[in-house]
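Engineer: Each chain, written out:
2 protein chains.
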Amino acid sequence: MKTASRHTADVDIHGYMQDVGRRARAAARIISRAETAAKNNALLAMAAEIERESGTLLDANKMDLDAGNNQGLDDALLDRLELNDSRIKAMSEGLRQIALLPDPVGEITDLNYRPSGIQVGRMRVPLGVIGIIFESRPNVTADAAGLCLKSGNATILRGGSEAIHSNRAIAACIQSGLKQTRLPEDAVQMIETTDRAAVGELIRMKEFVDVIVPRGGKSLIERISDEATIPVIKHLHGVCHVYIDDKADRDKAVKIAFNAKTQRYGTCNTMETLLVAQGIAGKILPALGEMYQEAGVELRGCEATRRILPGIKSATEEDWYTEYLAPILSIRLVKNAEEAIDHIAKYGSAHTDSIVTEDITCARRFLREVDSSSVMVNASTRFADGFEYGLGAEIGISTDKLHARGPVGLEGLTSVKFIVLGDGHIRK
Amino acid sequence: MKTASRHTADVDIHGYMQDVGRRARAAARIISRAETAAKNNALLAMAAEIERESGTLLDANKMDLDAGNNQGLDDALLDRLELNDSRIKAMSEGLRQIALLPDPVGEITDLNYRPSGIQVGRMRVPLGVIGIIFESRPNVTADAAGLCLKSGNATILRGGSEAIHSNRAIAACIQSGLKQTRLPEDAVQMIETTDRAAVGELIRMKEFVDVIVPRGGKSLIERISDEATIPVIKHLHGVCHVYIDDKADRDKAVKIAFNAKTQRYGTCNTMETLLVAQGIAGKILPALGEMYQEAGVELRGCEATRRILPGIKSATEEDWYTEYLAPILSIRLVKNAEEAIDHIAKYGSAHTDSIVTEDITCARRFLREVDSSSVMVNASTRFADGFEYGLGAEIGISTDKLHARGPVGLEGLTSVKFIVLGDGHIRK
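Protein sequence lines correspond, in order, to chains A and B.
Read in order, the letters of the first sequence are residues 1 to 428 in the working numbering.
Read in order, the letters of the second sequence are residues 1 to 428 in the working numbering.
One or more of the hints may lead you astray.
A pair counts as met if it fits within one copy or between any two copies, since identical chains are not told apart.
With a straight-line Cα cutoff of 30 Å, these simulated BS3-like cross-link-like pairs (lysine-lysine) come out [unchecked claim]:
(1) Lys-346 / Lys-247
(2) Lys-206 / Lys-283
(3) Lys-283 / Lys-428
(4) Lys-206 / Lys-218
(5) Lys-218 / Lys-283
Since the hints were made in silico from the structure, they are not lab data.
From a predicted model like this one, the values you see are computed outputs, not experimental measurements.
So that you can see chain A by itself, here it is in the shape it has in the complex (with noise of 0.2 Å):
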């Protein structure tokens, strides 16, 4: 990319980022005028390239996998790094989704007539410049490219070094994009070196950066949020919940318990406690507690749970505040929805947390005082996703509570502005 070939980036770090956020700056005075038919074409364009280039970028990603083995990288690790055919096509997929989504930049909501006579409305603007610091996944460069170009703002982007060369070859595709359909090439810019110094200086870069969202395990993000100056939309952990009612329709949480849990191990949305009401754990927890463990899931129950489910481990108190990322469950009986309600409160993370129940006045309840980013009745937890929602895509779940909260779309890189409309009207 562009910023590699000037710079000796080693050597002066500060000026090389300095230079990078100069550039994103003027580039997001651009593209946040820039008209919606030309940002589709450019999102159009990087998705044929990477097409075309697949040959290209599968060469690429076997460089960093093949060092990946030698250094000794774990599985996971290496299985999040890998690209191949079908990776490849979600990729350009996911961009040609991006185009199809409606243009959020420049809707004006709101315009009403004031008493004094202006007209008072809002315009949804872009944010500006983001910073998006990224581990292994490589696929999240177009995807988050994709998103921020969407809503009108430059992208600076930092992805792990050990999925360095594979980055640098979408990385070249989506400027090859950018390219074809003129929009600037500096709206998309991939930090060039793999100096942890880099990172330091684009979460500090107030007046050239306007958000960072870093996207990786909760480690790096609270590094990142400890040390930015700059606000960060987070994403830290899911600990969600699935509370069964005793006004629970039986087969319906029997089946909400267990997708949410084993639908799929390593997300973020995934239940990691299953809170049951006593009047109705007897009926729910033998054949649940079955399922589980045909399906390999470890479980660990406290004191009342194991006098249902006799054989399972008993669960600490450091269990209730776990995301285990993996085919383990802790569950809790409770006496009520009030109850789960507290315990949601005490142990969760405010991501996810579903209630089962009939009773529409306890749903209600549990809708309006679980402060979660996302609330949910009758339904899996593995639902709270942008897809699911109709944001068409996402560029992570915000656990915060200002500004976006669950998952950010396009809607959540946007921000809005106050427009006044008069005729000469001054102030009395």
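Following the hints, put chain B in place on chain A, whose structure we already have.
Structural biologist: This is chain B only, laid out in the frame that chain A set:
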């Protein structure tokens, strides 16, 4: 207030603040689900209490004013510190107006069926615990407490030490209102100690405080946002512009440019720099310059301006960046709207900027491209205000891009979570 009697704040600020935080967090859960009528009744009871206790408030305020006089506080500060009958009336009226505003909490929007069969929508929810740090103006106590309460948040208030007696007296009225309506008294707490270490604790109690709103001068706000580890809704400063396009209506231009500067000098939405298209400057500036000079406004111009208004001072590069908050105005001639937009991007503070033009193409471009929290056409920048915008009241004007931009009313003190309604739905 409650906190005072229980603690020797001077001895253990950390322990004291932790206790304040813990109690705020507990109160936040209760206040977040309080019924609208309960919150409104509390606001009305507070208003009545403030009027009933106006004598007490004036006595307490006299103590602060006397102390301020003895310490030699300047007149502007003493003016901000002063309570009088009309300011007390304004406080209670403010609370009554907040009671009349619609309750934002629990509002559900965009509830739609998805292809999977689940319904996905958004519910507006309180932020949790809000820390307000403010200087001198004691009326902020009532405004801030009222807005936070109506939006379902618990509040921790920290006023300036120069207003401590006034703030305590107002806080007692607020407490009395909460007590009369059986809402938790901890929903509004005032920090009793004037020790600065308490602020340091407040802005770092991540587990107990969700957002900090500093209200005061730029230096206070910069210090707090530099040191805070909790998100801050910032209002830094307003370097606001009016751009008079060459297609402007002359009368509107003169009226707006005069009003934007002179209607009040000390407010953040006052124009600080006037930009005039070269093609119209000769027709506008002579008359307008005379009006400013009659009003006692000191003018500082670029060279081209000084050829039209020869008597005025020369503006320095520094002037274009300056928020005067005083009867001083810098004036610059520009070629066209594009150059005006560039000037605003470089020197402005992204607060409020207005164009005067009859040309709709030019107006549309200005609205879209100027990246400020309020962008106006043919209206005075002085309209950038929560009341004028119909937000009811404001806790400040945010110059941030994330979360809240522009005047921050009830909505800016809330967030949205996703809600999902199913009927036993699981993810395939």
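Engineer: Each of the hints needs a verdict: does it hold here or not?
Structural biologist: Now for the hints, and whether the structure bears them out:
| no. | hint | in the structure |
| --- | --- | --- |
| 1 | Lys-346 / Lys-247 | within (24 Å within a copy, 61 Å between copies) |
| 2 | Lys-206 / Lys-283 | neither (57 Å within a copy, 41 Å between copies) |
| 3 | Lys-283 / Lys-428 | between (70 Å within a copy, 25 Å between copies) |
| 4 | Lys-206 / Lys-218 | both (24 Å within a copy, 17 Å between copies) |
| 5 | Lys-218 / Lys-283 | neither (37 Å within a copy, 62 Å between copies) |
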